[in-house]
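Chemist: Heads up: the sequence lines are chains C and V, in that order.
Per full-length UniProt numbering: the first sequence = residues 1 to 233.
Per full-length UniProt numbering: the second sequence = residues 1 to 372.
In case anyone wonders, no lab produced these hints; they're calculated from the structure.
For each residue, glycine too, the CB sits at the ideal point set by N, CA and C.
Please note that a few of the clues may not be correct.
[What the hints assert, rightly or not] Result set (DMTMM-like, lysine to aspartate or glutamate): computed pairs, CA atoms no more than 25 Å apart in a straight line:
1) C/K86 / V/E95
2) C/K137 / V/E95
3) C/K137 / V/D33
4) C/K137 / V/D42
[Unchecked claim] Which chain V residues face chain C? A few, computed with CB under 8 Å, are given here:
5) D42
6) P133
7) M215
[Claimed, not checked] Chain C is nowhere near these chain V residues, computed Cβ spacing over 10 Å in every case:
8) E17
9) A152
10) A200
11) I251
12) A265
13) A297
14) N298
15) L303
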Amino acid sequence: MAVTIALPSKGRLKEQAIAVFENAGYSIRQPEDARQYRASVDGHDGIEIAFLSASEIARELGAGTVDMGVTGEDLVRETLAAWDEKVEISARLGFGHADVIVAVPEVWFDVNTMADLNDVAAEFRMGHGRRLRIATKYWRLTQQFFSRAHGIQVYRIVESLGATEGAPAAGSADVIVDITSTGSTLRANHLKILDDGVILKSQACLVTGKGVLAGAEAALAREIVGRIGDSLR
Amino acid sequence: MTPRFPSSARDILALFERRGAEAVDVPVIQPADPFLDMAGEDLRRRIFLTESETGESLCLRPEFTIPVCRMHIEAAEAGHRRYAYLGEVFRQRREGGNEFFQAGIEDLGDTDINSADARSLADALALVTMLMPAQALTVSMGDQAVFEAVLASLGLPRGWQQRLARAFGAPDQMAAALEALSSGSGQKTELDDAIAALVARDDRAELEARIAARMTETGISPSAGRSPAEIAGRLIDKARLASVRLAPEAIAALQDFLSISAPLADASSTLQGFAARAGLKIDAALAAFDARVAAIANAGLDLGFIRYDAAFGRPLDYYTGLVFELHAPGQERPVAGGGRYDRLLTLLGAPAPISGVGFSVWLDRTEQAREI
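Next up, chain C with everything else stripped away, as it sits in the complex:
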């Protein structure tokens, strides 16, 4: 038996995640072969590290195939239905900051708030005979925010698999829901964030599956959470 921890498999997120574990006293011995996706932790035989892509980590945590992981809160909330029944956010790690936001073309001078967008969506459907289109890869977060938090019903989600911020100019959508960290990409695309259009302030998190917390390895999982929590103080 071991606790399996999934970490991002590449880039800055990988480095920062490894650094968090180092600071907490878990020195990750990386495989010599960079194509190898498993690693171990010096002096902690009970911990296994798996390197996965960030979106896979959320999914695998939900399925229970890994016990803990480092991934964005946005991906946890987007990937998993009823996420808080399956996993818990054990620590916010202070990197990987990104806001999930609602943005409209700058030239929509009359639109600053979700209430404005609600009015516009209703008028648009009546006037144009079709629904206002929202480009996003965040289906679940968008539906929750628009339909449940703001009571906006008449819109249509257009799936966007990349370069969401270009959708209004490309004519494939009217509004976007996307992540931004500095806002510069939005400005370059002449989009503005609505005043109350921040859906989620996300960052990288240590996420723990509820399964491991109820199982034989619960003590070890809690120890890892505790040490990482202490090292962040």
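Following the hints, put chain V in place on chain C, whose structure we already have.
Modeler: Showing chain V alone in chain C's frame:
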């Protein structure tokens, strides 16, 4: 009739025939877009979606009204038709199973709105009474048109009327909308000086030209989505209202109205009392309301167990008048629901407006209630 159908199926079809409604067959597999277009994106997670080989979005029939209306439009039916249906609908639900039976009648194209409303209510009651003979049913009734008349007679700006009308039937949204309009939150608009000056001068033509030019500069098509005219028009409307607040008297009147609940026999006098108290002229809407009550009484229904609830509505923009629900004792959810949807057929693509009213009975609930 396969054994899958409820045991009451024969009786239901016989009742349809007695009441002069023609039974129609509606395919189980339906294009998904009309449902999503009418009910909104939130429906997506509650229906069973799939895709055709060519990429068309398809779903298992989540209800009957929209397919029946689309059949009516496609057949280019003129005049008055009453379509009856009995079959399964499919929805993703956390409780109560994913497939269950519904039966109902959609009454399309009758220009005598009051008698069509009364007949729909009578049909629904007859069907449910047949299915649950020993139960003391109650009916709740609402009216979108009365609420809209109240909004209009309060002299509210059109945009505000629409915002409140959209929240009708959704108490949380109604409270949020009233709060926003009375506090003025979200009404201020930050604009650059040139645009602000044009708005202040009410120079719509120049404003539209500026917006169009700005769209071209920023790569937004002026014709694919919102047009410069729409943006300019709403910007000017919004600026006019920036310093206006929903008056306390108007809020009091709306809250007074929304709290009205009375047996249908007393509803007219209660509404008249409200109008007098609030100093509102809603005579035309009240006359229409009275005419419907008279039609319901003429249809032989007992007004004593029908209750009018002023706040009862459905936050879907195609409902235009009557809404009703039938309740069985001890059941939290209604056993049948219906209403008038005069805007639906146009939204579904009918070239000219076609009036419509209909109801649907949840046969899983009537069966369940019988077992209690």
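Chemist: Looking at the structure, which of the earlier hints fail to hold?
Modeler: 2 and 6
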